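Chain order of the listed sequences is A and B. Residue 101 in the working numbering sits at position 119 of the first sequence, and the numbers go up by one each step. When you read off a place in the second sequence, starting at 1, and then add 105, the result is the number in the working numbering.
Simulated from the structure, these hints should not be mistaken for laboratory data. It cannot be assumed that every hint is accurate.
Unchecked claim - Under the rule of at most 30 Å between Cα atoms (straight-line distance), these lysine-lysine pairs were calculated in the DSSO-like manner: (1) B:Lys288 <-> A:Lys86; (2) A:Lys98 <-> B:Lys288; (3) A:Lys75 <-> B:Lys107; (4) A:Lys95 <-> A:Lys75; (5) A:Lys95 <-> B:Lys107; (6) B:Lys107 <-> A:Lys112.
It should be emphasised that the depicted structure is a prediction, and the values quoted were computed from it without experimental measurement.
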Amino acid sequence: MAEIRIENLNKSFGAVSVIKDVSLTIPDGDFCVFVGPSGCGKSTLLRLIAGLESATSGRIVIDGRDVTALEPYDRHLSMVFQSYALYPHMTVKENIAFALRTAKTPEAAIAEKVAKAARILRLESYLDRKPGALSGGQRQRVAIGRAIVREPKAFLFDEPLSNLDAALRADTRVEIASLHKSLAATMIYVTHDQIEAMTLADRIVVLNEGQIMQVGTPRELYERPANVFVAQFLGSPKMNILPARAAEGMIVLPGSSSRLAAPAGWGGLVAAGLRAEDCTVTGPDNGVLSGIVVVSEYHGAAQQLLVDTDACGRISAFTTADRDLRVGDRVGLDFATEKLHPFDGGGVRLA
Amino acid sequence: MKPRLTLRWIVFAIAAFVMNFPVLATLVTAFKSSGEVSRNPSLWIEAPTLENFATVLTISDRLNVYHYLWNSLAAALIGSVLPMIVAFPMAWAMVRRGYGRAILFPLVVNLRALPLIIFAIPLYMMYATLGLLDTRLGLGLLLAIVNLPLALMLLVNAVAEIPVELEEAAHMDGARLPRLLFKVVLPLCRPALITTFVFGFITAWNEFLFGLMLTTREAVPMTVGASFFFATSGGGVQWGTASAVMVVAALPPLLLGLIMYRRITGSMVAGAVKG
Ligand SMILES: Nc1ncnc2c1ncn2[C@@H]1O[C@H](COP(=O)(O)OP(=O)(O)OP(=O)(O)O)[C@@H](O)[C@H]1O
Ligand SMILES: [Mg+2]
């Protein structure tokens, strides 16, 4: 098991720069999740760590050793591919055992490890089948099995659950989490599913256009996003951004007569973020802002509203379902200053 | 429905008969006595006989069918297996590393478009210097060159069909190049390798021109040897014996084709990656 350190890594395909000056340290035993929109370079960064792509510049250090120039087979990592990449001519058992055979593990040890992996992933009854005769979910589990029989320095997962149905996805997610606990291994996990990111990660790395936007625990990222991108990327519905200004120690919101005191350091305020769950729906005359309901979605436990406030744009908010607010109803929106996330003109957090 | 189906079968039968007429005629003639051949040109055999086959299969001081068969077998095996051995790593390097893709690949493939006879004179002189004239190895080497373009084309397609993630997965599993090639790429190319072998063997077996040119006594292949039977006992062509020797010569590649037919088709990569 090992620490992975990335220093000023760059990767270009021809003239297109895909990874831009990325520096990151993933401590030993960490579960690190890369998230970001499609095409932001998550897979590329993972493949750079794996050695499947060569870096244009920068360094990758695994377990204190500079591996930037090493081939994948000399880096001792194991990887689960987005597309499974199972060996179609081998049975499930042979697929899982391939890496062990490559490492010349004694047959007895191979049998034992394969049996253990098959038990964890509930693959026992398929061991003698070929991948072609398995369902998508079973193939994905074989791909995971092939990675976990070894004792690599770190595990790399590229969207390993993307082809599973909701129930199996939740189960396998729990499986991976417990695997991480039992192996205490360094894991890097690529996904664009927020729930996976939030539930699995010790540390989330948010990427956008080949750059790191923020690194932190799920709680840090959710509660103190470093910029508007991270604020809006994590959380559903995405965070409301209000065109707030600070003047004379007060927060000025267009179309609002309420006067909220601005905390210290909010001088350069240009935008204020507000999560839907931090926004209370009140009567039309009570809130900081008021507006007309334009979308009303019933979620069972709660009701999600989209309220058109005119000067502050459309704001989403949660309310209890029993209120039964409908499109066209006039409502007030209330929130506390400490729930606001202050951003400057460049979208960077102020305080 | 019924009458139309019957009609269809009749049409099929006529077409099959017309297209296979030469084969049938040869087959029938092989079982006719020399007297009957001159008397009875129909497809009906009045007095079937094995006399022609007996003639063919008997070793005389001038003709030895077993020797020709052995020469053909040896040369065709060299001529079909050697291109596979050469083309497999070549195909991988071309597809995955791009070596020779721009010039070598089109060049080798276009070799097939040239009439091979233009190589005849330089080859004859080279073979004479190297002592390869009238040897099974010499003939086999030449047949290997004949088969190389097809082998390369089939294997390049087969390697290109393998998802590159499979090879990446093998690297991640710690496999270096040899293990990758022999444990992952080679098995996945099996249908293409079998096709290459069958077509190569048949082409090599049926080759006549170089067999005629490069051999005289020791390494005469079946195709050339067969022609010796046409006029066994002086005088005109012995049609019965000629037909019988052609049947014998055609059997090995025919059997090979029939045995291997089921293995030629089909892809191996089902289930490797999600579709
Ligand atoms: N081999 C390549 N040649 C050229 N461009 C590439 C290559 N591989 C990736 N790219 C580009 O690099 C960018 C990042 O790709 P990457 O696959 O890392 O995205 P991703 O974040 O994994 O996206 P997704 O969530 O859709 O899997 C994309 O714009 C892509 O077009
Ligand atoms: Mg990707």
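Hint-by-hint comparison with the structure:
| no. | hint | verdict |
| --- | --- | --- |
| 1 | B:Lys288 <-> A:Lys86 | holds, 14 Å |
| 2 | A:Lys98 <-> B:Lys288 | holds, 24 Å |
| 3 | A:Lys75 <-> B:Lys107 | violated, 52 Å |
| 4 | A:Lys95 <-> A:Lys75 | holds, 11 Å |
| 5 | A:Lys95 <-> B:Lys107 | violated, 62 Å |
| 6 | B:Lys107 <-> A:Lys112 | violated, 44 Å |
Against the hints set out earlier in the document, violations occur for numbers 3, 5 and 6.
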